Amino acid sequence: MSQEPTHGPGTTRKLAARRRREIVAVLLFGGGPIFESSIPLSVFGIDRQDAGVPRYRLLVCAGEEGPLRTTGGLELTAPYGLEALSRAGTIVVPAWRSITQPPPPAALDALRRAHEEGARIIGLCTGAFVLAAAGLLDGRPATTHWMYAPTLAKRYPAVHVDPRELFVDDGDILTSAGTAAGIDLCLHVVRTDHGAEAAGALARRLVVPPRRGNGGQERYLDRSLPEEIGTDPLAEVVAWALEHLHEQFDVETLAARAYMSRRTFDRRFRSLTGSAPLQWLITQRVLQAQRLLETSDYSVDEVAGRCGFRSPVALRGHFRRQLGASPAAYRAAYRARTGSRPDGGGTGEERVAAGRADHPPPAADGTGGRGGQGGPGALHGERGERGERPDRGVRGEACKPDSDTYSPRLPSQRGRTPGRAP
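Residue 42 is where the sequence shown starts when you use the working numbering, and the numbers rise one by one after that.
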C-alpha cells in the first residue's frame, strides 16, 4: 500500500568507493533497550561461515559520548565512534531511547552523509524516529512499533507510516516494527544480499522462522493512542467511543460530542493521532470483534451487533481487509492454535472454517500453512459501513487486497499495491 518508492533498486545512489556493503555499522546510543541493540550484533557480528552464511564485518559505533548505559543499567563501551560510519555500506540504528527526545545532531549529520554516499540505512523499531529526524524517511513508506506509529505519523507528516507491516524495504532505507520484527528485517537483509539459502541457514542457527506471516502487526494492535491525547479535549470523546463500540454511531456523532463540525473534528483528530477518525473507529470495532471471537461463543452475527457494525456483511468485509481472514476462519484458527475449540460447537460456517484450520492447504513456500495478508490499519482510509468514502488517511491509499501470503513492502514492488514477497 506504500506509494512508489523514491529510491527503488534501479535508482539507489551509487555506493562511495571507500564504503563496503559487507561492512555493517551498528549505531548505539545511551538508554537504548538491550534486546533490540543485540539483534544486529548477533546477526551480523558472528562468523557462521561453517553454516553457509557469508560473513559480514561488524563495526559497533557510539552515537554519542560513552559509556552507554542500556536498559537494566548495563554500561557499554563501543569500540568505534561516528567516524567509523564513513566505511560502512550498511548502517543499523536499533531502537531509540525515547520518542520524545531529539537524537544528537552529530549522529543525524553522519547518517545523512552516509545516505548521500549510497549507504543502506536500517531503523529497527523506534530507530525509525532517528531516521525520520534525519529527514531520511520524508516521502517514503516506513513502519515502526504499532504503539508508536501514530506518533511517528503525527510528528513527521511527510513519512508514509504503515503500522501493519513487520518491516518495510524501500531500497536504501529499511525500517522494522518492534522488537522481534528486527530479526525479520535483518534476515531479509541477508536474504537480499546472499539469497534464501543463506538466510534459511542463519534462521536455523537463530532457531526462528525464515519468514513470518499471518498479517504482520495487525494481530498485536490494541486501543492505544499516542500519550499526548491524555490531556487533549478530544480524549473524553475517544474514551466515550471506546466504551460504546457496541452502539451504532458514526463520526458525525463523535464530532457532535466534541462540539465541532465534521471537517474540524476530522482535522483535529488526524493532527492528534495521525489517523482519520473513520478508519480509527472501524479499526477499533474490528479489534473488539477479534476479542469477542477469541473469548466468547457468540455467533458472527451476534459479534457484528455487539461491535456496532450495521450488518454481519460489514463485519466480514472490514475484518477480512484488516486481518486477512474471515471472522469464522479467524476464530477456528485461534481455537485450533490454543486448544479451546468446543467439540461440535459453532455455526455451520464456523465448523467449515474449523475444518479448514485443521487441514490448511500447503503454502507456496512448502511450510504447510497459509498466512493472511493484513488490510488497512489504523492509519489508512477505507470506505465506511454505508458505502461513503471517508477522507483519506495518512497514506491516502485504497484498501489492501486479500491475499493468501503476508508480504512485507519490498522495493521492487512498484506502484501502490504490494505483491508477494519473493
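Just so you know, the hints here were simulated from the structure itself, not pulled from any lab data. These numbers were taken from a predicted model, which means no experiment stands behind them. Any given hint could be a false lead.
Computed beta-carbon distance windows for the label pairs [said to hold, decoys possible]: (1) 308 with 343: 45 to 51 Å; (2) 237 with 127: 30 to 36 Å; (3) 72 with 293: 31 to 37 Å; (4) 351 with 277: 21 to 27 Å; (5) 332 with 58: 52 to 58 Å; (6) 179 with 113: 47 to 53 Å.
As a list, the in silico DMTMM-like pairs of lysine to aspartate or glutamate whose alpha-carbon atoms are at most 25 Å apart [claimed, not checked]: (7) 195 with 277; (8) 195 with 179; (9) 55 with 150; (10) 195 with 63.
All residues carry an ideal CB built from backbone N, CA and C; glycine is no exception.
Hint check, failures only: 1, 3, 6, 10
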